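Number of protein chains: 2
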Amino acid sequence: MAASEFSHLRCQIDARLEQLLPRQADDPVTLAMRDCLLSGGKRVRPCLLILTARGLGNDSPPLLDLGCAVEMIHSASLILDDLPCMDDASLRRGRPTTHRQYGEDIAMLSMVALLSRAFGLVSEASGLAPEICTQMVTQLSRAVGDQGLVRGQYQDLHASQQLRSVNDVSTTNTLKTGVLFQATLALAGLAAGANELTASRLKCFALAFGQAYQLYDDLTDGLAVNGKDVDQDNGKTTLVALLGEEEVRQRLAGHLAKADRHLTAVFGADSSLGRFMHGLFSRFDHEHGGLLSQRASAFPLSRH
Amino acid sequence: MAASEFSHLRCQIDARLEQLLPRQADDPVTLAMRDCLLSGGKRVRPCLLILTARGLGNDSPPLLDLGCAVEMIHSASLILDDLPCMDDASLRRGRPTTHRQYGEDIAMLSMVALLSRAFGLVSEASGLAPEICTQMVTQLSRAVGDQGLVRGQYQDLHASQQLRSVNDVSTTNTLKTGVLFQATLALAGLAAGANELTASRLKCFALAFGQAYQLYDDLTDGLAVNGKDVDQDNGKTTLVALLGEEEVRQRLAGHLAKADRHLTAVFGADSSLGRFMHGLFSRFDHEHGGLLSQRASAFPLSRH
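Same order as they appear, the protein sequences are chains A and B. Reminder that position 134 of the first sequence reads as 134 in the working numbering, one-by-one numbering, no gaps. Reminder that position 153 of the second sequence reads as 1153 in the working numbering, one-by-one numbering, no gaps.
Read the hints as simulated data drawn from the structure, not as lab findings. Being a predicted model, the structure only gives us computed values, none of them experimental. Cβ coordinates follow ideal geometry from the N, Cα and C atoms, glycine included. Take the hints with a grain of salt, since some may be wrong.
[Said to hold, decoys possible] To give a feel for the contact side, a few chain A residues facing chain B, derived at Cβ under 10 Å:
| id | residue |
| --- | --- |
| 1 | Val112 |
| 2 | Cys133 |
| 3 | Thr138 |
Go ahead and model the full structure; you've got the sequences and the hints to work with.
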């Protein structure tokens, strides 16, 4: 039941993204934007945003656009991450990366256009009070900027040749993945008029979820099944390299349990957001032949 | 008198930019952002914004931050424009371009951070009504996005090998230069609560000013004195190549006269914005040994 609940939501998100960026055959930049946005993607961030706001009692149409804005920023960050001067990746979601398909210049322009469109979408979100929209723009600006994704990307690239501590790697993970989840949940809280305590719990949830998500990514690096270049992180210090797979699996389970506790404090023991999170990691696990649940005792995937 | 009036304003803008982006010696991304933002630059856009809003009766502190936001977007567009996969420029304002000095990855990250910071600055501008801030974010998003600077940059790169008409080149010029001037003036109008007629005149002024500005750029390409690579536009179709220098000089004068008419309609015959514009083009002319005024009859530089 839960699966179909979320697949309907994903379809709504896909349809809205498609609508926001209509096909213009003569414009390679919008084609590249569409390709990156519409070719797959689990829509994790828009789903989190919408399910959280709904859980808090808001189910208004602008949620869909806010989710699409966050997805556009995420897509832009993938294009950036894959560029020759960054990770120089050739595959993403099983397809050629944007610069491989369209050229580096168009990849870069589509990245800039996606970012800029995201801010515009938030500022134009209808039905929200303008003072809420401006706070959302502020949140996204911080998430992207030199203390957010940009800093994470820099650390990820430039610290990779050095010996790094577990804390350093965790900080980079938070900046590369956590801050956008944090902004996503902050937008949901703002849209639903969450009080300070709830907003702070959602922030803790986002950070725990982000750490779990990044560890999953580290665990599956080197596996062809994830549709990216195999061993993309080769040369970078990941927590898997520092701690070993088993320890990372346990930590991932710990982050999920922490995320669960914060969710329960906000929504009670059973929430659609909780079902979404567990469904997501169960699917990851299934896709990777039980990689995450090899020590079932440490991994609470059976809960839902 | 006029010169010192504007040099004080430029100092205020420089000081605020410096304050907004404090030096962090251990962070190459913010160093690159600062370098691009603070190393020269005529501050044309912030000056236009502030002088326009003042002329319309608003002289509040957030104007400075709005001006800095527009300047950040302009700086980001210069970094982008210079990248190896774009113009592959080595010099800008007489110094190595950002990617030459810091590497391509840091140039790109600083470009993204500047863009994103600009949106944040506008959303946080204190003393403005939130509904004004959201409209400003919308304006800037459109100016940057796939129908604005991004499209201009694409056309500039990809149409360069073809034979292009005067109209095509003018459209590219508008997208590359005019749309950000247009957004700059729109922000000024919004900050000052301009009515529709005034806003529309300011838009016409911005477009005429932008065309004049771009023609100046075309005329001075190939001259080492402008601090950029000599013949950066080599291989691109410019209006100078299509029409010849003399015709371009006349057109430039025509655009300035048009800009003047719109200014006069809003502010009367003598305005600080008018003095600024004429002072700017006179300075250009002086710096280039009278390049613009070789046919004084066609060029109204003597007015102020």
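Status of the hints after comparison with the structure:
1. The restraint placing Val112 (chain A) at the interface with chain B holds, with a minimum CB-CB distance near 6 Å, inside the 10 Å limit.
2. Contact between Cys133 (chain A) and chain B, as hinted, is supported at the beta carbon level, the nearest pair being about 5 Å apart and thus within 10 Å.
3. Given hint, Thr138 (chain A) at the interface with chain B, holds; its Cβ is 5 Å from that chain's nearest Cβ, closer than 10 Å.
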